[in-house]
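Novice: Each chain, written out:
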Amino acid sequence: MIKERRFVRKAASNVITATYELKAPPYPLNALEPHMSRETLEYHWGKHHRTYVENLNKQVVGTDLEGLSLEDIIIVTYNKGDILPAFNNAAQAWNHDFFWESMKPGGGGKPSGDLLDLIERDFGSFERFIEEFKSAAATQFGSGWAWLAYKANRLDVENAVNPWPSEKDKKLVIVKSPNAMNPLVWDYFPLLTIDVWEHAYYLDFQNQRPDYISVFMEKLVSWETVNTRLEKAKARAAEREMEEERRRKEEEEGKPTNEEDDDDDLEMYVDNDNDDSEAE
Amino acid sequence: MKIDVNHRNPHPRVRLALPLPKYKVLPHGGFMYKTHISGCTLEKKNLLRLQMALRSLATRKTLTLALNSTRLAQSRALQTFSLPDLPYDYGALEPAISGEIMQLHHQKHHQTYITNYNKALEQLHDAIQKGDSSTVVKLQSAIKFNGGGHINHSIFWKNLAPIREGGGEPPHGSLGWAIDTNFGSLESLIQKMNAEGAALQGSGWVWLGLDKELKKLVVETTANQDPLVTNGPNLVPLLGIDVWEHAYYLQYKNVRPDYLKNVWKVINWKYASEVYEKESA
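Just so you know, the protein sequences line up as chains H and X, in that order. Those letters in the first sequence? Residues 1 to 280, by full-length UniProt numbering. Those letters in the second sequence? Residues 1 to 281, by full-length UniProt numbering.
Please note that a few of the clues may not be correct.
Where chain H lies over chain X, by a calculated footprint (3+ residues, C-beta under 8 Å) [to be verified]: (1) 125-138; (2) 161-172; (3) 233-247.
The list that follows gives simulated cross-link-like pairs (lysine to any residue, SDA-like), each with its CA atoms no further than 25 Å apart [to be verified]: (4) H:Lys170 <-> H:Ala152; (5) H:Lys80 <-> H:Gln140; (6) X:Lys216 <-> X:Tyr271; (7) H:Lys47 <-> X:Asn194; (8) H:Lys176 <-> H:Asp211; (9) H:Lys176 <-> X:Val137; (10) X:Lys144 <-> H:Gln140; (11) X:Lys119 <-> H:Lys58; (12) X:Lys253 <-> H:Gln140; (13) H:Lys47 <-> X:Gln201; (14) H:Lys58 <-> X:Arg256; (15) H:Lys234 <-> H:Val215; (16) X:Lys144 <-> H:Gly81; (17) H:Lys80 <-> X:Leu200; (18) X:Lys253 <-> H:Asn88; (19) X:Lys261 <-> H:Gln206; (20) H:Lys176 <-> X:Ala142; (21) X:Lys253 <-> H:Asp204; (22) H:Lys171 <-> H:Glu127; (23) X:Lys265 <-> X:Val218; (24) H:Lys234 <-> H:Lys58; (25) H:Lys234 <-> H:Met217; (26) H:Lys23 <-> H:Asp72; (27) H:Lys58 <-> X:Gln191; (28) H:Lys47 <-> X:Asn224; (29) H:Lys176 <-> X:Ile163; (30) X:Lys144 <-> H:Arg209; (31) X:Lys108 <-> H:Ala152; (32) X:Lys108 <-> H:Leu203; (33) H:Lys110 <-> H:Gly81; (34) X:Lys119 <-> H:Ser135; (35) X:Lys270 <-> X:Asn194; (36) X:Lys138 <-> H:Ile174; (37) H:Lys176 <-> X:Thr135; (38) X:Lys108 <-> H:Ser135; (39) X:Lys144 <-> X:Ala223.
Hint data in this document are derived by calculation from the structure and do not stem from the laboratory. Positions of the beta carbon are idealized from the N, C-alpha and C atoms, including for glycine.
Make a model of the complete structure from these sequences and hints.
Specialist: Next up, the structure:
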């Protein structure tokens with residue numbers, strides 16, 4: 001993900017600055033040829049992606065958003081759908097990082113192991129999954145993205161309207177999103193994405209978006225990366241479940257949660273050196 | 001793909017042997033064309049008429065052979081739409097908009113909207129006849145996307161003109177006066193439209209419109225292929241500028257502001273004035 005330089009405190013003033021940096025794709029710009037040209041990478045990463053990062057930094061400096069992680073900025077500025085100005089740049093910065101890492105030279109082929117099992121369980125077969133993913137990418141009208149995501153949330157998602165409310169937790173889903181939107185705002189774990197803004201494919205494929213999508217699936221997708229992301233997603237989902245279990249148990253037993261006490265700003269003053277104190 | 005910017009041919013199966021006419025400028029400023037066919041000289045408008053008549057004759061022959069599906073559709077009283085010709089060659093708007101872009105934009109993008117619009121309308125027709133309400137409703141977005149794409153691009157081609165046919169010439173008459181009244185000056189209108197066009201996230205259009213009810217000019221943006229009327233039922237489009245990336249990417253890449261700056265050199269204010277005069281009468 002994007003590197004942050006955290007909390008650089010200048011000695012003289014109390015100014016804290018945190019900037020987001022444009023991270024390079026994990027391969028040289030010509031490494032995806034002939035499937036995605038170096039020219040495309042030069043413009044797409046070197047201009048579009050860079051501009052999102054630069055504009056984000058300009059928007060964030062001196063505001064409450066400064067110092068937040070990119071993912072946090074996305075959630076905060078999504079603002080339950082009433083998006084705030086920094087959302088587009090933040091989300092697009094994140095989306096593009098995610099996109100470069102979703103590809104690799106000599107990519108494509110088929111996933112294996114857990115990932116393949118889940119795909120077969122949730123889509124019927126790998127071929128059906130490919131069909132659905134391609135269709136989502138082709139029918140995202142205008143600018144946007146298509147995603148494979150791991151969904152492990154319940155009905156009430158705090159930040160947004162969950163487009164897939166269902167009782168079945170923990171499954172793979174394909175979703176498409178317009179412009180800068182991404183599934184983080186629905187509390188999904190993204191696993192794979194394809195950029196279907198025209199700038200992503202116009203130099204190489206002109207209007208032929210379906211051809212671009214096919215080439216992406218057959219020659220570019222990095223299933224290893226998707227797999228790694230799935231493992232992380234499952235781990236986080238399991239962690240969350242445990243936390244929720246614990247919280248529920250504590251509520252049942254009437255005990256207050258003791259997590260917040262450590263961060264308490266209150267100080268307690270004692271009048272004497274006695275170990276007994278009046279306040280608990 | 002070989003792109004011939006000098007000879008637009010909307011029906012590639014029909015080879016038309018009309019060469020590029022030579023012209024000379026007349027003392028009064030008009031153009032005189034010499035045709036290959038009769039050897040006589042014609043005024044430009046008559047040349048265009050002759051060309052169009054010959055073209056439609058040739059295409060009618062080819063179309064007769066392939067008319068079956070259209071006839072069937074027509075017998076069910078369903079109108080299908082077809083790609084309108086550009087009133088100028090693909091290369092005629094250079095250097096503001098490249099011939100390569102014009103050809104792709106017209107022959108691929110606009111054609112695709114029309115093809116999908118016709119398909120959606122046929123499916124809608126079926127669904128209505130069967131009383132299949134859920135399909136009727138489901139088709140609305142496809143109709144809006146593709147029908148909107150057809151509407152918007154049909155206007156767009158008329159909004160553009162080669163420089164030697166008046167492209168870029170500022171509006172006079174009532175539209176010029178209305179622009180000054182509503183925006184202060186033409187420059188200030190252009191600045192506003194460029195700012196809104198550049199700021200538009202994703203894909204869409206920036207419009208100069210006439211609000212027929214309030215009797216004033218407005219600058220509006222619409223997303224994707226939403227026609228101007230989706231912003232208000234009393235809005236009439238005078239000028240639309242396509243800011244989808246396909247409209248400029250091959251030439252201007254990510255620098256949409258440069259495209260917006262240059263497109264004004266080929267904007268056809270004559271057409272906008274005509275619409276304005278008609279709609280504000």
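Novice: Does arginine 256 of chain X lie within 25 Å of lysine 58 of chain H when you go C-alpha to C-alpha?
Specialist: Cα-Cα ~20 Å, so holds.
Novice: Assess, step by step, whether the Cα of lysine 176 of chain H is no farther than 25 Å from the Cα of threonine 135 of chain X, and give holds or violated.
Specialist: holds (21 Å)
Novice: Straight-line Cα separation of lysine 144 of chain X and arginine 209 of chain H no greater than 25 Å?
Specialist: Holds, at roughly 20 Å.
Novice: Given the hinted pair lysine 265 of chain X and valine 218 of chain X, is their Cα-Cα distance within 25 Å?
Specialist: Distance ~21 Å between lysine 265 of chain X and valine 218 of chain X Cα, so the pair holds.
Novice: Can you take a look at whether the stretch 125-138 of chain X is actually covered by chain H? Rule is 3+ residues, C-beta closer than 8 Å.
Specialist: This one is violated; 0 residues, fewer than the three required, reach chain H with a Cβ under 8 Å.
Novice: Would the hint linking lysine 253 of chain X and glutamine 140 of chain H be met if the CA-CA limit is 25 Å?
Specialist: holds (22 Å)
Novice: Do the alpha carbons of lysine 144 of chain X and glycine 81 of chain H lie within 25 Å of each other, as the hint requires?
Specialist: Holds, at roughly 23 Å.
Novice: With the threshold set at 25 Å, check whether the alpha-carbon distance from lysine 119 of chain X to serine 135 of chain H stays at or below it.
Specialist: Status holds; Cα separation ~17 Å.
Novice: With the threshold set at 25 Å, check whether the alpha-carbon distance from lysine 234 of chain H to lysine 58 of chain H stays at or below it.
Specialist: Given that 25 Å is the threshold and the Cα spacing comes to 35 Å, the pair is violated.
Novice: Would you mind confirming whether the straight-line C-alpha gap from lysine 176 of chain H to alanine 142 of chain X stays at or under 25 Å?
Specialist: holds (16 Å)
Novice: Checking one constraint from the list: CA of lysine 270 of chain X to CA of asparagine 194 of chain X, max 25 Å. Satisfied?
Specialist: holds (20 Å)
Novice: Given the proposed pairing of lysine 138 of chain X with isoleucine 174 of chain H, does the C-alpha separation stay at or below 25 Å?
Specialist: holds (20 Å)
Hints 1, 2, 11, 15, 24, 29, 31, 33, counting from the list given before, are not met by this structure.
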